[in-house]
Amino acid sequence: MAGIFSRLSGFFSQYEEISEDFYEELEETLVMGDVGVSSTEEIIEELRKRVAGQKTGSPEECRLLLSNIVKERLDETASPSDYDFELKKCVILVVGVNGVGKTTTVGKLAARYKRLGKNVMLAAADTFRAAAGEQLDVWAERAGVQIIKGRDGGDPGAVVFDAIQAAKARNIDVLICDTAGRLHNKKNLMNELKKINSIITSEYPECTKETLVVVDASTGQNAKEQAREFKEVTDVSGVVLTKLDGSAKGGIVIAIESELSIPVKFVGVGEKITDLKKFDSTGYAAALTGSEELVAREEEKAKDIEARTVVYATEDGKGEVVVGASEQEKEDAFAFFRSLRGES
Amino acid sequence: MAFESLTDKLQNVFKSLKSKGSLTQEDVKTALKEVKMALLEADVNFRVVKQFVNSVTEKAVGADVMNGLNPGQMVVKIVNEEMTSLMGSDTSELTFAPGKSVTVIMMCGLNGAGKTTTCGKLAAKLKTKGKKVLLTACDVYRPAAIKQLQVNGEKTETDVFTLGDDKSPVIIAEEAVSHAEKNGYNVVILDTAGRQQIDEELMDELARIKASVTVHDTILVVDACTGQAAVDVASGFDEKVGIDGVILTKLDGDSRGGAALSIRAITGKPILFAATGEKPTDFEQFYPDRMASRILGMGDVLSLIEKAAENVDIETSKNMNAKLKKGRFDFNDYIDSMKQVNRMGGMTSVLSMMGMGGKNMPAIDEASLKRNEAIIFSMTPAERADPKLLNPKRKHRIAKGAGVDIMYVNRLVKQFEQASKLMKQMGGSMKKGKMGLGSLNSLMRNLKI
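Chains as they are written, first to last, in this note's numbering: chain A, 1 to 344; chain B, 345 to 793.
Only chain B is shown next, with the shape it has when bound in the complex (with noise of 0.2 Å):
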């Protein structure tokens, strides 16, 4: 029972707006009452829930209503700018030092935030900007933090500093950053271990480092599902560490994210980056008003062609336009697209960034996906390029090296004619710089066997 859409709701309020033609007081007051709701809901703390009702009402009551709008769609507009003027339009980036000297990073944060998980993601998107980066391992408490960080390192190819779990993190923070100056590299990430911002103690670790060695972007982990307290979080470790930005963990789940307004709104201090998954490439720029809308509840398709087009080869999306045009679409065309979707995170990732994620996403069965992969690898060439092809006798021993009943080879064979088809429709629109949702949908209907 997932609480219904912001947008659901208000088209029910405004239902009722609608014949009065007029922007009042009372109409104002009772489409915010679910506008409050719905953030609270999204874990956007009481307060700044509170301020931003306050302020919305400010503007609203007593508005134009502009032409072609009517008072309900007036609000939305006016929820909708003050909600992304409060999440800021620009993203940000982490500065680095001037010249050939080391910048040095260090993450922060509660435990179990994605700390060293995402010190690897981090580490990897600045290997691909060509930076030389030197992980290291500050967390001297956790069992076994040390060790994550150094398979983490070793998925990414990143070298790993540790001293191992007998010396103070203020001395690792300091022979990194000697080790790195003198080893020729760019980046030390400093991995320091979980902690409750009310740990005097150990928020002082944090500022000794600081005092020890030039930090330049101290970077606060935060898990998108928390709740309230994710304010109390920021500013404690603003207040007494000073924190530069915000890295926002485990959006792959389906949590509407409140805690990043929150931040935002209370701290005034950028998110950076959004981790997205469990492999060290699901790790992206953080788009602030693409995240309004998240925790509005309306889908974020931009993100989606964005992914798309980082990640889709472009030769053979050429060259599946040009076949496509020519009505020829074949098994391979098939297995390359649905690698593209892998590619993007996996068809649930594609889902959730439209919008789809929660209870809204059609149940994706992976093992049916994989089960496609096998059949179609147990083609021939021949046959994978021309369907045609495929009699009953070519069936049956598909089945057989694929280890599947024949029934699936069939229920492929005549899906695909289907799938083909959206696929058309979907790589037709992708090259207008638009995706259907509808057509991603059926697709996924289609898939399903």
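Bound conformation, chain A alone (with noise of 0.2 Å):
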């Protein structure tokens, strides 16, 4: 409720000019977005340089200028290598701590490769937590895709090794393993994850293997200890931000990219099969300063720019690409292309 209201109050700016409650009101939505107080300085510090650069006059075009400071700094840890491993022979190692969705995301990883036309198998390495293994084979047969289990109570280690040997005996693409959800201050059952790590590693060398750390959306700063301390036992390369229906913003991820170099790669919006996205840092950075609205509009404008931008005839007898054209502008030009074509 709190999140809607206070973002109409943002739309609806009752500031006219940049000041410092108007600030006070950005730090207040990245703070209440979960992105933590350093990283809120900072972003709010590097705002206040560009405004003070580009001498922005308007608290709108300030709201933009946070928003794509956000996406920078998403975007510095993104790589255009981030998702090769959809290609290849890959072994994906999902992990996190108690009820951030893993199993779902297990789910509907499967779904995505199945989509891709992937031979795709799932281990349910989670032996651990009652029915999780239930849990799983329900996703396998909505995703229509393999499964191997263990016993309940058994080595999640061995389940691993199994799913790798039969993974390579069927000719699988993609290879999932669900963890059971653990407590990063746990110093054993972090070691049981480093063994499974490293079984991957050892059994499956010649695969891609990618790990990535669910993360709820709605965790506050506690994200970047889990984050921090999942990456100390396996190779983390890759953050899934579940949840992002709710009302929370995740913008934990912020300070996850930043001080852990992790990349958000996948986010959940919803309990449905399909409910996985790519990440936009786009789109996210500007649902979490409040200015969708203003991203949306800047986008039409740029098509609509796109869309007058006309090419005139010079003097010498060459063409000018003028962007923005007005319409009588657009008008001239077509005119004088008439013309050449002996048009009247």
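Since the hints were made in silico from the structure, they are not lab data. Keep in mind that a hint or two might mislead.
Pairs of lysine-lysine residues, derived as DSSO-like cross-links and limited to a Cα-Cα distance of at most 27 Å, are as follows [what the hints assert, rightly or not]:
{"id": "1", "chain 1": "B", "residue 1": "Lys-683", "chain 2": "A", "residue 2": "Lys-187"}
{"id": "2", "chain 1": "B", "residue 1": "Lys-499", "chain 2": "A", "residue 2": "Lys-187"}
{"id": "3", "chain 1": "A", "residue 1": "Lys-187", "chain 2": "B", "residue 2": "Lys-758"}
{"id": "4", "chain 1": "A", "residue 1": "Lys-195", "chain 2": "B", "residue 2": "Lys-623"}
{"id": "5", "chain 1": "A", "residue 1": "Lys-272", "chain 2": "B", "residue 2": "Lys-511"}
{"id": "6", "chain 1": "B", "residue 1": "Lys-526", "chain 2": "A", "residue 2": "Lys-272"}
{"id": "7", "chain 1": "B", "residue 1": "Lys-714", "chain 2": "A", "residue 2": "Lys-195"}
{"id": "8", "chain 1": "A", "residue 1": "Lys-187", "chain 2": "B", "residue 2": "Lys-714"}
Just so you know, these numbers come straight off a predicted model, no measurement behind them.
With the hints as a guide, bring the two chains together.
And the structure:
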């Protein structure tokens, strides 16, 4: 509720100029989105610099600048090769604390790769939580993929080992391993994960390994510790941000990206099997900074400008591209081209 | 790189305040800036922090500095008082239906908060109070949620009521209550599906359950590491369904749990229980004043003492104290002591309760604790009772029996001497109602083999 009001109040902004109060409101927007105090301060600092540099006068432009800064920060750790694992034979290890949505994410990933025509297999390496295996069974069925399970309470490493052998034998393209939720401060459970990780490395060295840490969008500052500790014991290469369909903004991924250099790769946006999207930093930054409408309007404007771009003939007979031509200019240009073709 | 604890930060700030001798607006502002940062890092909601800082400022500026306190300590005193009064100082209890009628408890919350696990724990807790409990599977959406509840029911020897996943949760709740009435159950716990508070349809489902059966306690289950959204979640559930209390889960993690303060400040609803581990018994009464100190970054030593008092076998400790007095402490006692630590939730949880969690926690090598146990169990009763008997020949035999290198046996025997001294200190101070943090810390160091 509060989120909606604060956003609205942002839009029909009572601010006519960029004041300290305005900065404070932006700061509040970010902190309330779980971006964290230090990241927020850095971002606002950068914003002040840009405002001063560009002599931007309007709060609206300022809001767009903020959205851009957030996007740039998110893009810093992203790389074009982030999704290359999807093109190769790969093992995806899914890790995270309890209740963040690992099993659901595994199900959604399975459906994604199945849709892409891959041969997919799941490994139910959560042998600890009650009925975790059954939950994954349902997802395997929904996605129409194979699943390798172990005994309840059995060794999760053994399940992963068996799954790798099966994946090799059955020519599987994507093997996705679900693991039990564990709090990152439990050393023995983290060691178990380390072992699973090394089993994949040693048993299947020829495959591409992708390790995704799943983070619940409603998690606060502790998510940094979570990501850091999981990175200690496995080769975390990406974040999946789940439950973004709620009121939480998941701003913590900004801190995770900048402190730990782990890019966000996917977001979970609903309960359906197709509700897993590749991460879009532009849309995310807009939502976080409460400037979706502004960004959308900017995009419209950009399209509009494109539509209004014409090639003008210059006196020396060459053309010139004019961006954002007015209707009259456009008409003139068209008339000129018609005359070239001998039309009246 | 965990953030500095607030205590550390404040101490630095106060060094600069100390010399000034009076509580000026500037002093208060400087100190509270750090408090504000720490609270935000602890995930206390931005607006709650703002209010909190304002009210502390009002009280602190111009306040007389009490005799014997320096200005910095005075600010801390006020911060602490305000925090405690915000959290509330009384523990809260569940309400039960009068007489012999069935009490209905409905659990609700976001997906993944830990509702199903908590249902099992709550059932176990109520059973120890002599209640006959019926767990009811109203989560018909999440795959295998029913099965999960059934497994939890088995673990805690509690009956589970289900109509499968093709009936509406409203009907399931109704039938569960009439089943409970007919079969002499005292309490029905409804496990509902996880949902976002902005999901109108699913929120309406909860309201309909409440409309069709008399729910005595609607409990919101909240993950302790929830961020700023905790306020929206709690007020959303409260407005649409109406909640009576909160259970905070995953408190065995290293999050500060600022969500607790936010929820309390915004909704005024009490936090009833804290879930602190994976076992059904990792579930305890929530002490709001202690949570205040966790959020502020202070150790929760009180909680440890309480747990110790509950779990330590009185007879065993009487015997042990007698032995300690006589200076006779053997490997049997060592095993007993470790068992008691385990009953308190293991070394990790004992340490985190003492505020030594997170980054400050000494690495606990559970494997080496197990190895020690194996070595001691490979001793004869005579050897356990009298460690002096252990000659090289016996040590070789023990090493073989435990399947470890003799080096470990030697190390254990050597460190046993030191450890037994520390146990003596712990035993002594526990009797007085205090447990030295230092002694536990050095015990830990000694046990790391």
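List of violated hint numbers, smallest to largest:
As far as the earlier hints go, only 6 is violated by this structure.
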